[in-house]
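Sequences are here, hints too, so could you generate the full structure?
Here the protein sequences come in this chain order: A and B.
Counting in our numbering, the first sequence runs from 1 upward without gaps.
Counting in our numbering, the second sequence runs from 1 upward without gaps.
Certain hints may be false.
Claimed, not checked - Pulled a few chain A residues facing chain B out of the computed Cβ check, cut under 8 angstroms:
id, residue
1, T13
2, G27
3, T48
4, L51
5, P84
6, Y86
7, L89
8, M101
Said to hold, decoys possible - Covered, in the sense of this in silico footprint (three residues per stretch, anywhere, with C-beta under 8 angstroms from a C-beta of chain A), are these stretches of chain B:
id, segment
9, 10 to 19
10, 83 to 95
Treat the hints as calculated values from the structure; they're not laboratory data.
Virtual Cβ for every residue (Gly too), placed ideally from N, Cα, C.
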Amino acid sequence: MIRAQNLCRHYGTHAAVRDLSFHVRRGEVVGLLGPNGAGKSTTMKMLTCFLPPTSGSATVAGIPLDEDSVAIRRHIGYLPENAPSYSDLDVRSHLLFMGRMHGMSSATLHDRIGELGRLCGLEAVMHRRIDELSKGYKQRVGLAASMLHDPDILILDEPTTGLDPNQIVEIRQLIRRLGEEKTLLLSSHVLPEVEAVCGRMMIIDKGELLADGSVTDLARRVQEGHRLTLIMRGDAKRVIAHLRRRLPEVDCEEAESDEGTQLLLCDPSGEGGLAEAAFHAVVEADAVMLEMRRQQATLEDVFRRLTGGQS
Amino acid sequence: MSRVGTIVWKEWRLAVDTPMGYVIATAFLLAAGFFFGNSLFLMGQAEMRGYFSIMPLLLMFFVPGMSMRMLAEELRIGTFELLATLPVKTVHIVLGKYLAILLQVAVLLALTLVYPVTLSWLGNVDGGQIAASYIGALLLGSAYAAICLFASSLSRNAVVAYVIGFALLLALFLLQQAVPLFPPAMQDALGVLSPIEHYQLMLRGVIGLDDVVCLLVTSGVFIAFTVFQLERRRWA
Numbered sequence: 001m002i003r004a005q006n007l008c009r010h011y012g013t014h015a016a017v018r019d020l021s022f023h024v025r026r027g028e029v030v031g032l033l034g035p036n037g038a039g040k041s042t043t044m045k046m047l048t049c050f051l052p053p054t055s056g057s058a059t060v061a062g063i064p065l066d067e068d069s070v071a072i073r074r075h076i077g078y079l080p081e082n083a084p085s086y087s088d089l090d091v092r093s094h095l096l097f098m099g100r101m102h103g104m105s106s107a108t109l110h111d112r113i114g115e116l117g118r119l120c121g122l123e124a125v126m127h128r129r130i131d132e133l134s135k136g137y138k139q140r141v142g143l144a145a146s147m148l149h150d151p152d153i154l155i156l157d158e159p160t161t162g163l164d165p166n167q168i169v170e171i172r173q174l175i176r177r178l179g180e181e182k183t184l185l186l187s188s189h190v191l192p193e194v195e196a197v198c199g200r201m202m203i204i205d206k207g208e209l210l211a212d213g214s215v216t217d218l219a220r221r222v223q224e225g226h227r228l229t230l231i232m233r234g235d236a237k238r239v240i241a242h243l244r245r246r247l248p249e250v251d252c253e254e255a256e257s258d259e260g261t262q263l264l265l266c267d268p269s270g271e272g273g274l275a276e277a278a279f280h281a282v283v284e285a286d287a288v289m290l291e292m293r294r295q296q297a298t299l300e301d302v303f304r305r306l307t308g309g310q311s
Numbered sequence: 001m002s003r004v005g006t007i008v009w010k011e012w013r014l015a016v017d018t019p020m021g022y023v024i025a026t027a028f029l030l031a032a033g034f035f036f037g038n039s040l041f042l043m044g045q046a047e048m049r050g051y052f053s054i055m056p057l058l059l060m061f062f063v064p065g066m067s068m069r070m071l072a073e074e075l076r077i078g079t080f081e082l083l084a085t086l087p088v089k090t091v092h093i094v095l096g097k098y099l100a101i102l103l104q105v106a107v108l109l110a111l112t113l114v115y116p117v118t119l120s121w122l123g124n125v126d127g128g129q130i131a132a133s134y135i136g137a138l139l140l141g142s143a144y145a146a147i148c149l150f151a152s153s154l155s156r157n158a159v160v161a162y163v164i165g166f167a168l169l170l171a172l173f174l175l176q177q178a179v180p181l182f183p184p185a186m187q188d189a190l191g192v193l194s195p196i197e198h199y200q201l202m203l204r205g206v207i208g209l210d211d212v213v214c215l216l217v218t219s220g221v222f223i224a225f226t227v228f229q230l231e232r233r234r235w236a
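Below, the structure written as structure tokens:
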């Protein structure tokens with residue numbers, strides 16, 4: 001459905017996207033993951049024909065970007081970053097406007113607005129001005145507007161930014177439902193978000209694709225025994241010495257806590273076996289282990305692993 | 001409804017749903033009423049020459065007010081990205097916005113039709129001349145709408161867009177005032193370029209095809225400039 005080949009986009013002398021190539025198949029839910037300024041939004045703007053690529057090419061729904069942008073946009077539902085909408089209009093008028101711009105007939109549009117109002121939980125605010133709504137509702141208005149014409153492809157730029165935890169859960173559920181029948185490309189700078197809704201993720205940084213694979217594979221690669229928090233009672237120095245005998249590269253941070261000594265262990269080699277080595281080190285040092293827990297990998301860990309510690 | 005018509009509908013909704021539209025209409029009618037009443041009550045003349053001769057100045061203040069948000073605000077809050085990723089060409093977006101400003105100018109002018117109706121009760125009025133003047137005012141409004149829409153595409157700030165639009169119209173006004181200072185050979189060329197000159201020729205009651213064409217060409221040129229400017233932004 002979406003195929004990009006060596007896409008590049010420059011803003012003046014700054015390269016926002018460099019040589020980006022990927023392929024999103026029909027029915028896939030793909031997350032574009034990267035920190036702010038990584039080039040996620042620029043990539044999406046190019047795929048929706050808002051920005052022309054400086055070089056490279058892409059096809060969306062089989063149509064080249066430079067051939068018929070209007071035809072491509074008929075296949076796409078797009079939620080730009082921060083879900084902009086006409087804040088002086090009420091929700092219904094905004095959706096009517098968006099639907100009419102897609103050439104929908106009045107009868108179809110009225111039915112569709114009713115349907116999406118229920119799906120996105122907008123029924124209660126349908127006649128309220130958008131500038132009176134909370135951020136969560138505005139985001140839902142944006143989502144509803146992107147789905148009005150029942151597009152094959154949904155491109156959602158940071159769909160849960162600025163929402164509270166309950167709203168995030170709701171929007172993720174909605175996206176998951178949509179992903180059952182649509183091709184979906186969404187961007188995020190939060191790893192758990194992509195893990196929660198996507199089957200595949202592409203990690204980009206400084207405009208370059210660092211990794212592309214299934215969410216479970218990539219998450220496993222970065223999480224396997226990578227970071228541990230250990231709480232123990234005994235001689236921490238001896239524990240660290242025993243641990244370094246088994247894993248020489250391991251980083252240890254020591255802190256005192258109410259329960260005992262807390263050790264934050266990080267294995268930059270990422271070869272696994274940190275938990276096992278830590279257990280043996282505590283036993284060999286005649287210390288008592290009170291707690292050991294694996295720390296969730298952060299986006300930083302992912303980058304450190306993927307860029308070989310460069311970022 | 002075509003996509004251009006949908007944009008006109010949306011802009012009209014925004015104009016009538018927000019106080020801005022009413023503020024502009026009220027101020028315009030107060031100013032227009034003052035200049036109309038001036039010749040009627042102070043000079044005792046049943047004519048509209050005073051009202052129509054001040055029209056370029058009235059439009060110079062009010063058209064930038066109608067157009068300043070049209071593109072600047074869309075660019076500022078990001079809705080232009082929403083609009084430009086709908087299945088519509090940039091030229092259709094610009095045409096829709098331009099027609100929306102023209103519709104507002106037409107409504108304001110239509111509201112002042114009460115003046116000729118009043119005059120027709122008080123004395124003999126030259127209906128042909130007044131009709132030609134209204135058509136001239138609408139065509140001048142059309143040129144101003146395109147110029148101010150272009151100004152709105154130059155900035156993300158609506159106030160800056162107003163100032164640019166006003167400055168462009170003021171430059172045209174001053175150019176028209178300065179025409180007699182130029183050598184006769186240049187006067188004709190400058191006259192062709194001045195929308196106000198063409199409008200003033202229509203106030204005599206004659207709608208010259210060349211005047212209509214020149215005003216419409218001015219509108220077309222600035223619509224093209226606006227499309228070019230919006231496309232240029234995408235490449236920047």
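The hints, checked one at a time:
1. T13: violated (12 angstroms)
2. G27: violated (22 angstroms)
3. T48: Holds, because the Cβ-Cβ distance from T48 (chain A) to chain B comes to roughly 4 angstroms (cut-off 8 angstroms).
4. L51: Given a least distance of 6 angstroms, the restraint on L51 (chain A) holds.
5. P84: holds (4 angstroms)
6. Y86: OK, holds: Y86 (chain A) within 8 angstroms of chain B, min 6 angstroms.
7. L89: Hint holds; L89 (chain A) Cβ to chain B Cβ min 6 angstroms, cut 8 angstroms.
8. M101: holds (4 angstroms)
9. 10 to 19: holds (count 5)
10. 83 to 95: That given contact holds, which follows from 7 residues of the segment 83 to 95 of chain B lying within Cβ reach (below 8 angstroms) of chain A.
Figure legend: structure checked against the earlier numbered hints; hints not met, in rising order: 1 and 2.
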